[in-house]
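Participant: Each chain is listed here by its residues.
Number of protein chains: 6
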Amino acid sequence: MKRLLVVSAHAADFVWRAGGAIALTVAQGGKALVVALSYGERGESGELWKEPGQTLERVKAIRQEEASRAAAILGAEFVPLDLGDYPLRVEEKALGRLVEVLVDFAPDVLMTHTPKDPFNPDHPVAYEATELARQLASGAGVASAFKTIRPPEFLLFEPHQPELCGFVPNLFLDITPVWEKKLKAMEVFASQAYLRRYYAERAEHRANHARRISGLKDIEKAEAFQRVLPQVVRSL
Amino acid sequence: MKRLLVVSAHAADFVWRAGGAIALTVAQGGKALVVALSYGERGESGELWKEPGQTLERVKAIRQEEASRAAAILGAEFVPLDLGDYPLRVEEKALGRLVEVLVDFAPDVLMTHTPKDPFNPDHPVAYEATELARQLASGAGVASAFKTIRPPEFLLFEPHQPELCGFVPNLFLDITPVWEKKLKAMEVFASQAYLRRYYAERAEHRANHARRISGLKDIEKAEAFQRVLPQVVRSL
Amino acid sequence: MKRLLVVSAHAADFVWRAGGAIALTVAQGGKALVVALSYGERGESGELWKEPGQTLERVKAIRQEEASRAAAILGAEFVPLDLGDYPLRVEEKALGRLVEVLVDFAPDVLMTHTPKDPFNPDHPVAYEATELARQLASGAGVASAFKTIRPPEFLLFEPHQPELCGFVPNLFLDITPVWEKKLKAMEVFASQAYLRRYYAERAEHRANHARRISGLKDIEKAEAFQRVLPQVVRSL
Amino acid sequence: MKRLLVVSAHAADFVWRAGGAIALTVAQGGKALVVALSYGERGESGELWKEPGQTLERVKAIRQEEASRAAAILGAEFVPLDLGDYPLRVEEKALGRLVEVLVDFAPDVLMTHTPKDPFNPDHPVAYEATELARQLASGAGVASAFKTIRPPEFLLFEPHQPELCGFVPNLFLDITPVWEKKLKAMEVFASQAYLRRYYAERAEHRANHARRISGLKDIEKAEAFQRVLPQVVRSL
Amino acid sequence: MKRLLVVSAHAADFVWRAGGAIALTVAQGGKALVVALSYGERGESGELWKEPGQTLERVKAIRQEEASRAAAILGAEFVPLDLGDYPLRVEEKALGRLVEVLVDFAPDVLMTHTPKDPFNPDHPVAYEATELARQLASGAGVASAFKTIRPPEFLLFEPHQPELCGFVPNLFLDITPVWEKKLKAMEVFASQAYLRRYYAERAEHRANHARRISGLKDIEKAEAFQRVLPQVVRSL
Amino acid sequence: MKRLLVVSAHAADFVWRAGGAIALTVAQGGKALVVALSYGERGESGELWKEPGQTLERVKAIRQEEASRAAAILGAEFVPLDLGDYPLRVEEKALGRLVEVLVDFAPDVLMTHTPKDPFNPDHPVAYEATELARQLASGAGVASAFKTIRPPEFLLFEPHQPELCGFVPNLFLDITPVWEKKLKAMEVFASQAYLRRYYAERAEHRANHARRISGLKDIEKAEAFQRVLPQVVRSL
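Protein chains in written order, with numbering that gives the first Met the number 0: chain V, 0 to 235; chain B, 0 to 235; chain X, 0 to 235; chain C, 0 to 235; chain L, 0 to 235; chain E, 0 to 235.
No lab work stands behind these hints, which were simulated from the structure alone. Hints may contain errors.
As the list makes no split between identical chains, a pair holds if one copy fits it or if it spans any two.
As the list claims (entries may be wrong) - Here are the simulated lysine-lysine pairs, DSS-like style, with alpha carbons at most 27 angstroms apart:
1) Lys92 to Lys115
2) Lys92 to Lys59
3) Lys216 to Lys49
4) Lys92 to Lys216
5) Lys59 to Lys146
6) Lys30 to Lys1
7) Lys49 to Lys146
8) Lys59 to Lys1
9) Lys216 to Lys1
10) Lys180 to Lys59
11) Lys183 to Lys115
12) Lys92 to Lys146
13) Lys146 to Lys115
14) Lys146 to Lys180
15) Lys216 to Lys115
16) Lys216 to Lys146
17) Lys183 to Lys92
18) Lys180 to Lys92
19) Lys183 to Lys146
20) Lys30 to Lys49
21) Lys115 to Lys49
22) Lys115 to Lys180
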């Protein structure tokens with residue numbers, strides 16, 4: 000029974016990139032929590048702002064509702080930190096909040112964005128905050144003065160232009176059993192039809208890659224991740 | 000029940016670097032096969048050549064006997080290809096033989112040296128041959144004209160000067176339960192007391208690293224590996 | 000009026016990965032030549048070998064016919080070198096032949112596979128041969144004893160698992176105007192329906208990437224390349 | 000008619016490293032704007048401070064006058080932000096100002112320093128600010144709540160110790176036609192005779208490199224750049 | 000007579016990683032100064048906090064006493080900056096203090112942590128501060144408005160998990176003559192028996208590496224460093 | 000009294016890139032030996048071939064005479080292996096010859112080309128042969144069946160387009176005292192006036208870099224090298 004924590008720079012990032020991992024973890028009896036650092040109200044809500052008389056409050060409310068609904072479909076809880084976007088900044092207090100969430104939830108697996116992304120100024124900020132919070136929550140591996148948790152596995156999920164973000168996947172997850180759930184969660188974000196199709200096709204491509212790597216012929220949909228730390232195992 | 004194939008440039012390499020992985024795999028009900036490309040009769044048998052009247056044949060026979068004995072302690076079969084060392088060369092016929100071994104044994108896990116080693120001219124040659132044999136044995140992931148096996152996991156084991164060989168471990172294996180076996184196998188190579196001590200200490204260091212990464216406090220001995228290909232999994 | 004030379008390890012590689020570049024170059028008044036180092040008769044013709052009584056000769060003849068037809072649709076000439084595959088080897092004589100082709104055709108642009116590919120043993124061999132032939136054909140940039148050509152631009156085309164091949168695209172080509180031709184050329188390889196779909200979807204993804212990078216909203220299909228040498232230009 | 004924006008950490012950086020690009024762009028009918036984040040009044044004005052009774056105000060005034068004059072020779076406008084140097088810091092407000100300049104000028108090409116420079120603490124700061132401003136000004140490639148511009152090409156210009164800065168040029172610009180202008184602009188900075196000679200010689204070396212790469216024998220002076228993002232083109 | 004400055008993130012780091020270099024420099028007639036940015040009172044003093052009624056003040060006092068004693072054994076002066084840890088932050092004023100120390104002490108050799116460390120959030124912060132202070136203290140290599148020192152050599156010392164920190168040693172120092180001093184200094188930190196043993200074994204391993212690289216058979220203990228800047232020498 | 004061995008792919012390479020190191024080593028009482036793998040008779044003797052009725056034999060004789068003369072000016076012995084160029088190949092026998100030279104000369108310092116050079120097919124071949132010979136001559140650091148020498152330092156000298164060859168200098172040698180000798184040796188190759196000027200200017204640039212790194216203000220000419228293996232030292 001795994002516990003999965005996903006840190007998302009904006010309200011919808013987790014769906015495209017980790018929706019399958021969330022749904023699968025839950026389907027296998029685990030628990031998933033999504034923390035969104037911002038609503039993406041400036042950088043990724045252009046469609047909403049086209050509506051006359053639109054307000055910041057309303058944009059955030061819509062994003063909150065959509066993201067919560069998508070998370071619910073996947074089986075996860077959704078916690079927004081509302082730190083603002085474009086640019087996102089994670090100051091000391093917000094970092095402390097993130098550490099708290101980590102210590103309270105004590106995840107087995109922690110996921111976030113890549114440290115580099117030439118097409119999104121907020122994704123590397125989310126990475127930096129998550130990486131720092133991870134270290135503060137788990138300590139340096141030695142006895143410390145504060146409460147620490149068992150160090151979670153640390154994964155990066157797939158960015159939109161992988162090669163330009165330095166993303167080299169070393170973990171493919173078979174999400175075939177929960178594909179319908181991911182698809183439904185993606186459909187919540189009605190205005191982003193393109194991304195729905197893109198990540199649907201990626202799921203097939205990554206499955207193809209996974210089949211060629213493993214020889215497992217029944218993988219139909221997959222998500223790609225980059226594991227940041229070494230794995231520690233008890234059998235090969 | 001895993002099948003593990005280790006390709007060793009010289010007769011003793013597999014003991015220091017993968018002895019724990021071999022013994023553990025066997026202890027867990029699996030099967031292990033060691034292929035030694037050479038006996039290391041030129042580059043790593045200096046002690047034996049100090050004996051007056053020593054002959055190449057005798058050096059090889061001693062190395063064969065020792066390596067077989069060490070392999071037996073770990074529970075593995077030992078197959079020497081006797082291709083010569085310093086420099087080792089793997090020509091077309093020998094490559095074909097290696098492909099055959101791969102296809103016949105059909106390993107789940109394949110292990111060998113790093114592609115770079117500024118202190119051993121034969122280790123990169125062993126890597127190149129193993130990498131090519133792996134691809135020829137498993138095909139390009141599409142239907143081919145020849146018999147192919149399910150692609151094995153591909154691991155590099157720890158070289159003597161890791162950083163200079165570009166070795167970045169991403170897999171630590173807990174070998175605590177089989178440590179005594181590895182120690183005994185290392186003792187077979189009586190003249191190489193230094194390496195026995197070195198890898199015994201490394202096993203503790205890697206265990207320390209593994210504990211800090213994972214929080215698993217009962218790991219006392221570990222071996223480090225670098226996984227070359229992405230992992231394909233069905234749950235996180 | 001550009002001259003484009005594509006070196007393909009197997010008979011069909013050029014279609015999936017450079018079909019758009021070929022068709023576009025020709026459509027813009029240029030000339031394209033495809034050199035296939037092998038027919039891919041062992042590694043990529045598994046379907047053909049399922050036919051009872053199949054012969055090597057027949058497999059090659061079919062591949063030759065298909066590849067020529069696909070090349071013709073794109074507007075290119077097709078020259079097979081028939082060096083064998085799995086493993087492909089380019090010995091001295093074959094290298095000389097490749098140099099001759101380069102000197103005779105004198106391309107403005109030269110394209111081939113990536114230097115690394117963990118899923119195809121022949122692709123790096125094709126790269127090595129092409130890189131060496133390029134240097135021998137163009138000289139070291141100083142006066143030499145042999146006839147040299149003006150150095151062509153050197154591009155790598157997109158491999159099947161880009162990140163694992165170290166492929167980082169730095170050139171996106173808008174192939175919208177010739178998309179129908181690429182599609183038809185891909186349809187020639189009837190048994191490889193999967194690759195047809197895969198590269199059709201990639202063309203859309205790469206177009207999406209290209210739009211985000213450039214702001215050119217009318218790009219619908221694109222191919223990705225990695226330029227190996229610096230560009231020399233006369234205006235920014 | 001290209002629009003070129005150069006972000007310079009100190010008042011004179013743009014002359015040595017991008018003077019040719021500026022002059023050429025203007026000579027070809029384009030427009031160039033130089034933003035200097037600081038006057039380099041502390042770190043690069045040592046000569047001026049040797050004068051008895053020198054004041055900060057006067058140093059800045061001299062640097063402003065020289066830089067404006069050099070920019071005028073090249074045909075560019077010069078905008079100083081006066082943020083201080085050694086160390087340079089770009090806080091939120093200054094970043095906002097930089098974004099504004101980007102949005103107002105809407106450059107086709109954007110240039111700045113390398114992200115790494117072990118010999119200048121301010122150059123990486125200038126890179127970080129420019130990279131962030133570029134992303135904020137152009138959006139993430141999707142509809143956003145704020146006004147965005149078409150994404151400019153993004154180039155790094157040549158640092159003083161290229162290899163130690165991780166600079167790998169992938170673009171050589173032939174500046175032969177405007178060489179005299181660059182030379183004159185460099186002469187404005189009378190006290191920095193060494194740099195004038197250094198960059199004059201580099202212009203010849205880079206031209207030599209460019210000739211060897213391209214075969215274009217008439218290139219006599221060149222500047223080297225590193226393109227950060229993929230190029231998007233409509234013909235090879 | 001060399002002057003060595005070591006910047007340590009926490010109070011004890013310098014002993015494990017640079018104790019030999021300090022003792023040797025002093026033994027050879029040089030002078031060594033250790034600056035500790037924090038006492039490690041939160042992240043590395045867990046044992047002390049187990050005592051009932053423990054206070055922050057007392058923990059710091061104990062760490063101060065131990066670190067001073069260890070430094071004295073090695074022959075170095077110990078200067079704590081008391082900036083706090085987990086997370087360590089080096090704000091403008093503290094940076095200014097570090098620059099002052101550098102300018103006053105004018106070291107020939109400067110040492111600190113690696114820029115990357117996935118197991119310690121404070122080590123990269125120490126690196127960043129030291130790198131920036133180094134540049135501000137030595138200027139850009141040109142005449143500046145402030146007092147500058149001759150640029151010191153810049154070395155990184157060995158982190159606990161070298162490969163995961165991107166540490167590639169290019170300098171091994173023979174510390175055989177001062178080994179007893181390092182051992183005694185390490186014994187000061189009674190509660191950290193594990194690290195004492197770990198770095199004692201590392202000293203032997205690094206000596207083994209050093210012997211294999213150099214052929215100098217009398218090296219029994221060594222420390223590994225990564226030199227960041229090129230060396231400038233007057234004979235090979 | 001150092002012994003320096005330089006392995007040069009073609010007859011003149013050593014002069015441009017290591018002439019200062021050779022002359023300085025000799026001036027300081029050391030000994031220098033240059034091994035040229037080929038005469039560069041095809042790739043770098045274009046001027047000579049313009050003479051009507053020119054023959055291969057004569058071209059080689061001229062190159063032999065020039066290179067010997069240049070070596071003599073620098074104070075080195077010149078040993079040609081005459082293996083042919085464009086492409087250079089170092090087969091088993093030639094490799095054995097190179098190992099012999101290494102064992103007989105027993106250099107303290109070994110120098111050759113970079114492993115990568117997109118503008119010269121023979122330079123990487125020279126690197127591979129030298130690297131392999133080095134390892135075979137010095138053994139793996141353990142007792143071996145053959146005579147071994149104490150491992151030399153291993154340096155790469157500066158290629159013509161450093162960044163494109165992956166050359167990152169970490170060693171600058173002050174060659175001011177022997178500059179006149181290097182200049183005279185370069186003048187031997189009358190037809191290559193450009194390279195003479197290029198490397199004369201580089202010597203000043205590298206001196207400028209060296210001054211900025213070290214603060215040693217009297218360095219007027221320098222050569223840049225990349226040290227491949229860690230240094231082993233007995234004081235900092």
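Participant: Does each hint hold? Answer for all of them.
Facilitator: Hint-by-hint comparison with the structure:
1. Lys92 to Lys115: both (24 angstroms within a copy, 24 angstroms between copies)
2. Lys92 to Lys59: both (21 angstroms within a copy, 25 angstroms between copies)
3. Lys216 to Lys49: Between copies only: 19 angstroms across, 46 angstroms inside.
4. Lys92 to Lys216: neither (48 angstroms within a copy, 32 angstroms between copies)
5. Lys59 to Lys146: Only across copies: Lys59 and Lys146 sit 19 angstroms apart there, 34 angstroms inside one copy, limit 27 angstroms.
6. Lys30 to Lys1: Only inside one copy: Lys30 and Lys1 sit 6 angstroms apart there, 30 angstroms across copies, limit 27 angstroms.
7. Lys49 to Lys146: between (47 angstroms within a copy, 12 angstroms between copies)
8. Lys59 to Lys1: neither (31 angstroms within a copy, 39 angstroms between copies)
9. Lys216 to Lys1: Both: 26 angstroms inside a copy, 19 angstroms across copies.
10. Lys180 to Lys59: within (24 angstroms within a copy, 46 angstroms between copies)
11. Lys183 to Lys115: neither (29 angstroms within a copy, 38 angstroms between copies)
12. Lys92 to Lys146: within (18 angstroms within a copy, 30 angstroms between copies)
13. Lys146 to Lys115: Cα proximity of Lys146 and Lys115: across copies only (24 angstroms, versus 31 angstroms in one copy).
14. Lys146 to Lys180: The answer is neither: 36 angstroms in one copy and 35 angstroms across copies each exceed 27 angstroms.
15. Lys216 to Lys115: Answer is between: at 25 angstroms across copies they meet the 27 angstroms cutoff, but 33 angstroms inside does not.
16. Lys216 to Lys146: between (45 angstroms within a copy, 17 angstroms between copies)
17. Lys183 to Lys92: neither (35 angstroms within a copy, 42 angstroms between copies)
18. Lys180 to Lys92: So Lys180 and Lys92 fail the 27 angstroms test inside a copy (35 angstroms) and across (44 angstroms) alike.
19. Lys183 to Lys146: Neither way: Lys183 and Lys146 sit 39 angstroms apart in one copy and 32 angstroms across, limit 27 angstroms.
20. Lys30 to Lys49: neither (37 angstroms within a copy, 33 angstroms between copies)
21. Lys115 to Lys49: neither (30 angstroms within a copy, 40 angstroms between copies)
22. Lys115 to Lys180: neither (29 angstroms within a copy, 37 angstroms between copies)
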